[in-house]
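> Below are the chains, spelled out letter by letter.
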Amino acid sequence: MADDATAAAADAAPGMPQLDITSFPNQIFWLVVTLIAIYLIVSRVAIPRIGAVLAERQGTLTNDLATAEDLKRQAAEAEAAYNQALADARSEAHRIADETRAEIQAELDSAIARADAEIAAKAAESEARIAEIQAGALKSVEAVAGDVAADIAKAVAPGQSVDAKALADAVAARMKG
Amino acid sequence: MATESTNTAETQTGGSGKTIALVLAAVAVVLFILGLMGDYAPEGGGLSIDPMSQFEVSPLFGGDELSWFVPSNVTLWMGIAIAAVAALLVMGTRGRAVIPGRSQSMAELVYGFVHKMVEDVAGKDALPYFPYIFTAFLYIVFANVLGLIPASFTTTSHAAVTVTLALTVFISVTVIGFAKNGVGFLSLFWLTSAPLILRPVLAVIEVILYFARPVSHSVRLFGAIAAGHAVMKVFAGFAGAALIAPLAIAGMVAIYALELLVAVLQAYVFTILTCVYLKDALHPHH
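These protein sequence lines map, in sequence, to chains A and B.
Numbered continuously in our numbering, the first sequence closes out at residue 177.
Numbered continuously in our numbering, the second sequence closes out at residue 1286.
A hint or two may mislead.
Claimed, not checked - Between beta-carbon pairs, the in silico distance windows are:
{"#": "1", "chain 1": "A", "residue 1": "P48", "chain 2": "B", "residue 2": "F1211", "range": "30 to 40 angstroms"}
{"#": "2", "chain 1": "A", "residue 1": "L65", "chain 2": "B", "residue 2": "D1120", "range": "19 to 29 angstroms"}
{"#": "3", "chain 1": "A", "residue 1": "R57", "chain 2": "B", "residue 2": "D1125", "range": "19 to 29 angstroms"}
{"#": "4", "chain 1": "B", "residue 1": "I1208", "chain 2": "A", "residue 2": "V45", "range": "36 to 46 angstroms"}
{"#": "5", "chain 1": "A", "residue 1": "V45", "chain 2": "B", "residue 2": "P1128", "range": "16 to 26 angstroms"}
{"#": "6", "chain 1": "B", "residue 1": "L1265", "chain 2": "A", "residue 2": "L65", "range": "30 to 40 angstroms"}
{"#": "7", "chain 1": "B", "residue 1": "L1265", "chain 2": "A", "residue 2": "K72", "range": "43 to 53 angstroms"}
Please keep in mind that the hints were generated in silico from the structure rather than gathered at the bench.
Ideal Cβ placement from N, Cα and C applies to all residues, glycine included.
The shape of chain A in the complex, shown without the other chains (with noise of 0.2 angstroms):
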């Protein structure tokens, strides 16, 4: 009997199983079982899990990003203090430089200044001696010119007394000339 009437059921709808209200029941009962299924697994296992995964990388991104920023300005300052130091140490070059030229140029200064009065001492003395010795030689002169003319009066006229007052007035004048 029943088998009779789900044939006629089926023969009565043989266009559209989806119009056969007999399986309307099973379908929708087992898409409700369906539905109450997939949801928990949706929403006991899956949105949990995946939304944590999500909340994680997003943390990780954000974490990797700071510390990506922080070694950056560390990087930055390590930079600054290297120029810093760069710049200190030249300074402080120039600086020793500048002094040990200064000291230098001292110490060159007081030399040349001892040697000048070296010098000047020394051109003095030579300069007394050098008067010392015109003094000298100039008298040397005069005794040799007064020899000398005594000499040529005794020649010029030997047998003659010459008057030896006379001569060395004679040559104090030529010599004066």
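Dock chain B against chain A, hints included.
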């Protein structure tokens, strides 16, 4: 070192390609045996085109009695859909990796896709309803795609299923609308942007449209899927005639590609319409 790593990569791709080929060959063999066992043999040399028999609901373990709790082919294919959802969302995300693998990427992609859809279309305050919308999307997309396996049963090709889904959305959305806005929900039908004289007329139209929603929402899905499967079956029937077989098979391939698109697209459409209706319930003022 570099050549060595390329070699390993090549062997890996070669390995996976071989696996895929083996799986396809196994599927082909199974389908061939199913075809031998099935009632595809044309009787008396004529074409046997029966595009509707694929939609028949029958008990899984024999017998003709189809009471509401008897496991049927509906049960089988819905069960496979549940297994597929579990495989993607539970097995796939087992690693909980910060850098996801292939299956976890897929799961995250689907999650992100539906989550963004709900947030963008229905707004942030619709996110509490995201689990149910995600459930509906997953069920529809898996049922549609599983239905494209030859000799399978497409649960979404039945009005009973899609009407249940659509009515669930319709009733829930209406209840949410009244619960959140009270009588203010009725302002959904009162278009303040229209001239005052026209508003009653428009309100009547709006109410009719509102009650037409579950109809279009459900018929769109089951109609598209059932029609596509029927067309495929017709083409497959014509493939039995030697003369037009090449044409029929080429048409079959083209329709199959189209149906693959329709399967995903209809799931998307159903979900986004759910979001639109939810938005109307949460923010009825135009």
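> Hint by hint, say whether it matches the structure.
Consistency of the hints with the structure:
1. A:P48 to B:F1211: 30 to 40 angstroms: Holds, at about 37 angstroms.
2. A:L65 to B:D1120: 19 to 29 angstroms: 26 angstroms, holds
3. A:R57 to B:D1125: 19 to 29 angstroms: 25 angstroms, holds
4. B:I1208 to A:V45: 36 to 46 angstroms: 42 angstroms, holds
5. A:V45 to B:P1128: 16 to 26 angstroms: For P1128 (chain B) against V45 (chain A), whose Cβ atoms are near 18 angstroms apart, the range 16 to 26 angstroms holds.
6. B:L1265 to A:L65: 30 to 40 angstroms: Check passed, 38 angstroms falls within 30 to 40 angstroms.
7. B:L1265 to A:K72: 43 to 53 angstroms: 47 angstroms, holds
Comparing the model with each earlier hint shows no violations; every hint is respected.
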